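Enquirer: Counting in our numbering, the sequence shown runs without a single skipped number right up to 219 at its last residue.
Don't read these hints as lab results, they were simulated from the structure. Remember, it's a predicted structure, so these values are computed and weren't measured experimentally. Glycine residues also receive a C-beta, built at the ideal position from the N, C-alpha and C atoms. Hints are not guaranteed to be accurate.
Unchecked claim - In silico SDA-like links for lysine to any residue, alpha-carbon gap of 20 Å or less: (1) Lys206 / Ala105; (2) Lys206 / Gly147; (3) Lys206 / Val113; (4) Lys102 / Ser202; (5) Lys102 / Thr42; (6) Lys102 / Leu83; (7) Lys102 / Gly200; (8) Lys206 / Gly106; (9) Lys102 / Val89; (10) Lys206 / Pro166; (11) Lys102 / Val113; (12) Lys206 / Trp159.
Said to hold, decoys possible - Estimated spans, in silico, between C-beta atoms of each pair: (13) Thr127 / Ile158: 19 to 25 Å; (14) Arg45 / Gln121: 22 to 28 Å; (15) Arg214 / Ala62: 53 to 59 Å; (16) Gly32 / Trp65: 35 to 41 Å; (17) Ala62 / Arg11: 39 to 45 Å; (18) Ala51 / Ile23: 15 to 21 Å.
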Amino acid sequence: MLNFSRYLVSRARVTAALAITCIVVFGLEAIGSTSYDALLGTGRRLSPVLAFGVVFRPAIDAGEWWRLITAGFLHFGAIHLLLNLYALVYVGVALEPRFGSKRFAGIYLAALVGGNLAAYQFQSPQTFSAGASGAIMGMFGAMALIGLRYLSGRQQWIWLQSAVFPIVATLAFGFSQPNISNAAHIGGLLCGFVAASLLGVSPDWKRLLAAQQRATGAP
(Lines of atoms letter the chains of each structure in order from A; the text may use other names.)
(Lines give C-alpha, C1' and ligand atoms only; values in the text may rest on other atoms or scores of the structure.)
Protein backbone atom coordinates (compact mmCIF):
# COMPACT_ATOMS: atom_id res chain seq x y z
CA MET A 1 0.00 0.00 0.00
CA LEU A 2 2.85 2.38 0.84
CA ASN A 3 4.61 1.67 -2.47
CA PHE A 4 1.37 2.31 -4.37
CA SER A 5 0.90 5.62 -2.54
CA ARG A 6 4.44 6.63 -3.47
CA TYR A 7 3.75 5.74 -7.09
CA LEU A 8 0.63 7.94 -7.14
CA VAL A 9 2.56 10.84 -5.69
CA SER A 10 5.56 10.49 -8.00
CA ARG A 11 4.07 9.33 -11.30
CA ALA A 12 0.33 9.97 -11.07
CA ARG A 13 0.04 13.23 -9.19
CA VAL A 14 -2.99 14.53 -11.06
CA THR A 15 -4.78 11.22 -10.53
CA ALA A 16 -4.08 11.41 -6.80
CA ALA A 17 -5.21 15.05 -6.64
CA LEU A 18 -8.46 14.28 -8.48
CA ALA A 19 -9.23 11.34 -6.19
CA ILE A 20 -8.51 13.36 -3.05
CA THR A 21 -10.67 16.23 -4.32
CA CYS A 22 -13.62 13.90 -4.91
CA ILE A 23 -13.23 12.44 -1.41
CA VAL A 24 -13.03 15.88 0.25
CA VAL A 25 -16.03 17.18 -1.69
CA PHE A 26 -18.01 14.10 -0.75
CA GLY A 27 -17.17 14.80 2.89
CA LEU A 28 -18.63 18.29 2.47
CA GLU A 29 -21.73 16.76 0.90
CA ALA A 30 -22.18 14.48 3.91
CA ILE A 31 -21.68 17.33 6.40
CA GLY A 32 -24.17 19.51 4.54
CA SER A 33 -26.85 16.85 4.32
CA THR A 34 -30.15 17.11 6.18
CA SER A 35 -33.09 15.27 4.62
CA TYR A 36 -30.78 13.95 1.87
CA ASP A 37 -28.56 11.04 2.91
CA ALA A 38 -25.26 11.66 1.12
CA LEU A 39 -23.84 8.35 2.29
CA LEU A 40 -26.55 6.31 0.57
CA GLY A 41 -27.61 8.79 -2.09
CA THR A 42 -31.24 8.82 -0.98
CA GLY A 43 -33.63 11.31 0.53
CA ARG A 44 -36.19 13.94 -0.31
CA ARG A 45 -33.77 16.69 -1.37
CA LEU A 46 -30.15 16.91 -2.46
CA SER A 47 -27.60 18.05 0.07
CA PRO A 48 -26.83 21.80 -0.29
CA VAL A 49 -23.37 21.05 -1.73
CA LEU A 50 -24.82 18.73 -4.38
CA ALA A 51 -27.67 21.09 -5.20
CA PHE A 52 -25.21 23.95 -5.72
CA GLY A 53 -23.03 22.05 -8.21
CA VAL A 54 -24.92 19.40 -10.20
CA VAL A 55 -25.75 19.75 -13.90
CA PHE A 56 -29.24 21.27 -13.93
CA ARG A 57 -30.25 23.07 -17.10
CA PRO A 58 -32.43 25.84 -15.61
CA ALA A 59 -29.62 26.82 -13.22
CA ILE A 60 -26.99 26.77 -15.98
CA ASP A 61 -29.27 28.81 -18.23
CA ALA A 62 -29.53 31.32 -15.38
CA GLY A 63 -25.74 31.81 -15.48
CA GLU A 64 -24.41 29.13 -13.14
CA TRP A 65 -21.87 27.91 -15.72
CA TRP A 66 -19.54 26.52 -13.03
CA ARG A 67 -21.84 23.51 -12.72
CA LEU A 68 -20.30 22.15 -15.93
CA ILE A 69 -17.09 21.72 -13.91
CA THR A 70 -18.20 21.16 -10.31
CA ALA A 71 -20.60 18.35 -11.25
CA GLY A 72 -17.58 16.21 -12.13
CA PHE A 73 -16.45 16.19 -8.50
CA LEU A 74 -19.83 15.47 -6.87
CA HIS A 75 -21.31 12.02 -6.24
CA PHE A 76 -24.65 10.56 -5.23
CA GLY A 77 -23.73 8.36 -2.31
CA ALA A 78 -20.78 6.26 -1.18
CA ILE A 79 -21.20 3.49 -3.77
CA HIS A 80 -21.24 6.01 -6.61
CA LEU A 81 -18.08 7.61 -5.24
CA LEU A 82 -16.20 4.36 -4.62
CA LEU A 83 -16.95 2.94 -8.07
CA ASN A 84 -15.71 6.10 -9.73
CA LEU A 85 -12.62 6.28 -7.52
CA TYR A 86 -11.71 2.71 -8.45
CA ALA A 87 -12.07 3.44 -12.16
CA LEU A 88 -10.21 6.75 -11.85
CA VAL A 89 -7.20 5.22 -10.13
CA TYR A 90 -7.19 2.25 -12.51
CA VAL A 91 -7.14 4.37 -15.64
CA GLY A 92 -5.04 7.16 -14.14
CA VAL A 93 -2.18 4.89 -13.08
CA ALA A 94 -2.09 3.47 -16.61
CA LEU A 95 -2.37 6.74 -18.52
CA GLU A 96 -0.80 9.60 -16.58
CA PRO A 97 2.82 8.33 -16.91
CA ARG A 98 2.25 7.84 -20.65
CA PHE A 99 0.60 11.17 -21.43
CA GLY A 100 2.40 13.17 -18.77
CA SER A 101 0.59 15.01 -15.99
CA LYS A 102 -0.20 18.18 -17.96
CA ARG A 103 -1.62 16.34 -20.96
CA PHE A 104 -3.49 13.95 -18.69
CA ALA A 105 -5.06 16.88 -16.84
CA GLY A 106 -6.04 18.53 -20.13
CA ILE A 107 -7.68 15.36 -21.45
CA TYR A 108 -9.51 14.81 -18.17
CA LEU A 109 -10.81 18.40 -18.10
CA ALA A 110 -11.95 18.21 -21.73
CA ALA A 111 -13.81 14.96 -21.04
CA LEU A 112 -15.33 16.31 -17.83
CA VAL A 113 -16.67 19.51 -19.41
CA GLY A 114 -17.65 17.73 -22.62
CA GLY A 115 -19.59 15.08 -20.74
CA ASN A 116 -21.41 17.66 -18.64
CA LEU A 117 -22.20 19.75 -21.71
CA ALA A 118 -23.73 16.68 -23.33
CA ALA A 119 -25.79 16.04 -20.20
CA TYR A 120 -26.91 19.69 -20.21
CA GLN A 121 -27.88 19.50 -23.87
CA PHE A 122 -29.53 16.09 -24.12
CA GLN A 123 -30.97 15.06 -20.75
CA SER A 124 -34.37 16.24 -19.60
CA PRO A 125 -34.30 19.88 -18.43
CA GLN A 126 -35.81 18.96 -15.07
CA THR A 127 -33.32 16.21 -14.24
CA PHE A 128 -29.86 16.63 -12.73
CA SER A 129 -26.61 14.73 -13.04
CA ALA A 130 -23.19 14.60 -11.40
CA GLY A 131 -20.19 12.33 -11.01
CA ALA A 132 -16.73 11.75 -12.42
CA SER A 133 -17.84 8.98 -14.77
CA GLY A 134 -18.09 11.20 -17.86
CA ALA A 135 -14.48 12.32 -17.40
CA ILE A 136 -13.38 8.76 -16.63
CA MET A 137 -15.06 7.52 -19.81
CA GLY A 138 -12.97 10.08 -21.65
CA MET A 139 -9.84 8.58 -20.14
CA PHE A 140 -10.90 5.13 -21.33
CA GLY A 141 -11.27 6.73 -24.75
CA ALA A 142 -7.67 7.93 -24.37
CA MET A 143 -6.64 4.39 -23.43
CA ALA A 144 -8.25 3.10 -26.61
CA LEU A 145 -6.35 5.74 -28.58
CA ILE A 146 -3.01 4.49 -27.21
CA GLY A 147 -3.89 0.97 -28.28
CA LEU A 148 -4.95 2.08 -31.76
CA ARG A 149 -2.19 4.57 -32.50
CA TYR A 150 0.91 3.53 -30.61
CA LEU A 151 0.81 -0.22 -29.97
CA SER A 152 0.65 -3.40 -31.97
CA GLY A 153 0.31 -7.15 -31.51
CA ARG A 154 -0.47 -8.49 -28.07
CA GLN A 155 0.04 -5.12 -26.35
CA GLN A 156 -2.50 -3.49 -28.64
CA TRP A 157 -5.03 -6.22 -27.91
CA ILE A 158 -4.52 -5.89 -24.13
CA TRP A 159 -4.95 -2.10 -24.18
CA LEU A 160 -8.00 -2.15 -26.43
CA GLN A 161 -9.60 -4.88 -24.33
CA SER A 162 -8.88 -2.90 -21.14
CA ALA A 163 -10.54 0.16 -22.66
CA VAL A 164 -13.46 -1.30 -24.59
CA PHE A 165 -14.80 -3.62 -21.89
CA PRO A 166 -15.45 -0.87 -19.28
CA ILE A 167 -16.80 1.44 -21.98
CA VAL A 168 -19.33 -1.13 -23.19
CA ALA A 169 -20.22 -2.21 -19.64
CA THR A 170 -20.78 1.40 -18.52
CA LEU A 171 -22.94 2.28 -21.51
CA ALA A 172 -24.96 -0.93 -21.25
CA PHE A 173 -25.63 -0.34 -17.58
CA GLY A 174 -26.52 3.28 -18.28
CA PHE A 175 -29.07 2.37 -20.94
CA SER A 176 -30.66 -0.10 -18.53
CA GLN A 177 -31.07 2.47 -15.74
CA PRO A 178 -33.23 5.56 -16.32
CA ASN A 179 -31.51 7.58 -13.59
CA ILE A 180 -28.04 7.40 -15.20
CA SER A 181 -26.91 10.05 -17.69
CA ASN A 182 -25.52 8.17 -20.67
CA ALA A 183 -25.34 11.51 -22.45
CA ALA A 184 -22.54 12.47 -20.06
CA HIS A 185 -20.83 9.12 -20.60
CA ILE A 186 -20.92 9.38 -24.40
CA GLY A 187 -19.99 13.05 -24.44
CA GLY A 188 -17.06 12.45 -22.10
CA LEU A 189 -15.90 9.44 -24.10
CA LEU A 190 -15.86 11.34 -27.40
CA CYS A 191 -14.22 14.46 -25.95
CA GLY A 192 -11.55 12.43 -24.18
CA PHE A 193 -10.70 10.50 -27.35
CA VAL A 194 -10.49 13.69 -29.43
CA ALA A 195 -8.44 15.55 -26.79
CA ALA A 196 -6.02 12.63 -26.51
CA SER A 197 -5.71 12.53 -30.30
CA LEU A 198 -4.86 16.23 -30.42
CA LEU A 199 -2.49 16.33 -27.44
CA GLY A 200 -0.71 13.03 -28.02
CA VAL A 201 1.39 11.12 -25.53
CA SER A 202 4.43 12.36 -23.64
CA PRO A 203 7.55 12.63 -25.87
CA ASP A 204 9.52 10.80 -23.18
CA TRP A 205 7.15 7.84 -23.22
CA LYS A 206 7.04 7.87 -27.01
CA ARG A 207 10.84 7.62 -27.15
CA LEU A 208 10.82 4.85 -24.53
CA LEU A 209 8.17 2.95 -26.48
CA ALA A 210 10.17 3.29 -29.71
CA ALA A 211 13.29 1.97 -27.98
CA GLN A 212 11.35 -1.00 -26.57
CA GLN A 213 9.89 -1.80 -29.98
CA ARG A 214 13.33 -1.67 -31.62
CA ALA A 215 14.75 -3.95 -28.92
CA THR A 216 11.99 -6.52 -29.37
CA GLY A 217 11.71 -6.16 -33.14
CA ALA A 218 8.06 -5.16 -32.86
CA PRO A 219 6.61 -3.08 -35.72
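Enquirer: Given the hint that Lys102 pairs with Val89, does the C-alpha gap stay at or below 20 Å?
Expert: holds, 17 Å
Enquirer: In this structure, is the beta-carbon distance linking Arg45 and Gln121 contained in 22 to 28 Å?
Expert: With a Cβ separation near 25 Å, Arg45 and Gln121 satisfy 22 to 28 Å, so the hint holds.
Enquirer: For a C-alpha distance cap of 20 Å, please report whether Lys102 and Thr42 respect it.
Expert: Status violated; Cα separation ~37 Å.
Enquirer: Is it true that the CA of Lys102 sits at most 20 Å from the CA of Gly200?
Expert: holds, 11 Å
Enquirer: Given a hint of 39 to 45 Å, does the C-beta separation of Ala62 and Arg11 actually sit inside it?
Expert: holds, 42 Å
Enquirer: Going straight from one Cα to the other, do Lys206 and Ala105 come out at no more than 20 Å?
Expert: Holds, at roughly 18 Å.
Enquirer: Do the beta carbons of Gly32 and Trp65 sit within 35 to 41 Å of each other?
Expert: With a Cβ separation near 22 Å, Gly32 and Trp65 fall outside 35 to 41 Å, so the hint is violated.
Enquirer: Could you say whether the range 19 to 25 Å given as a hint is met by the Cβ separation of Thr127 and Ile158?
Expert: Check failed, 38 Å falls outside 19 to 25 Å.
Enquirer: Would the hint linking Lys102 and Ser202 be met if the CA-CA limit is 20 Å?
Expert: Answer holds: Lys102 to Ser202 is near 9 Å, not above 20 Å.
Enquirer: Straight-line Cα separation of Lys206 and Gly147 no greater than 20 Å?
Expert: Status holds; Cα separation ~13 Å.
Enquirer: Given the hint that Lys206 pairs with Gly106, does the C-alpha gap stay at or below 20 Å?
Expert: holds, 18 Å
Enquirer: For the pair supplied as a hint, Lys102 and Val113, is the alpha-carbon distance within the 20 Å limit?
Expert: Holds. Lys102 to Val113 sits at ~17 Å (cutoff 20 Å).
Comparing the model with each earlier hint shows violations of hints 3, 5, 6, 10, 13, 16; every other hint is respected.
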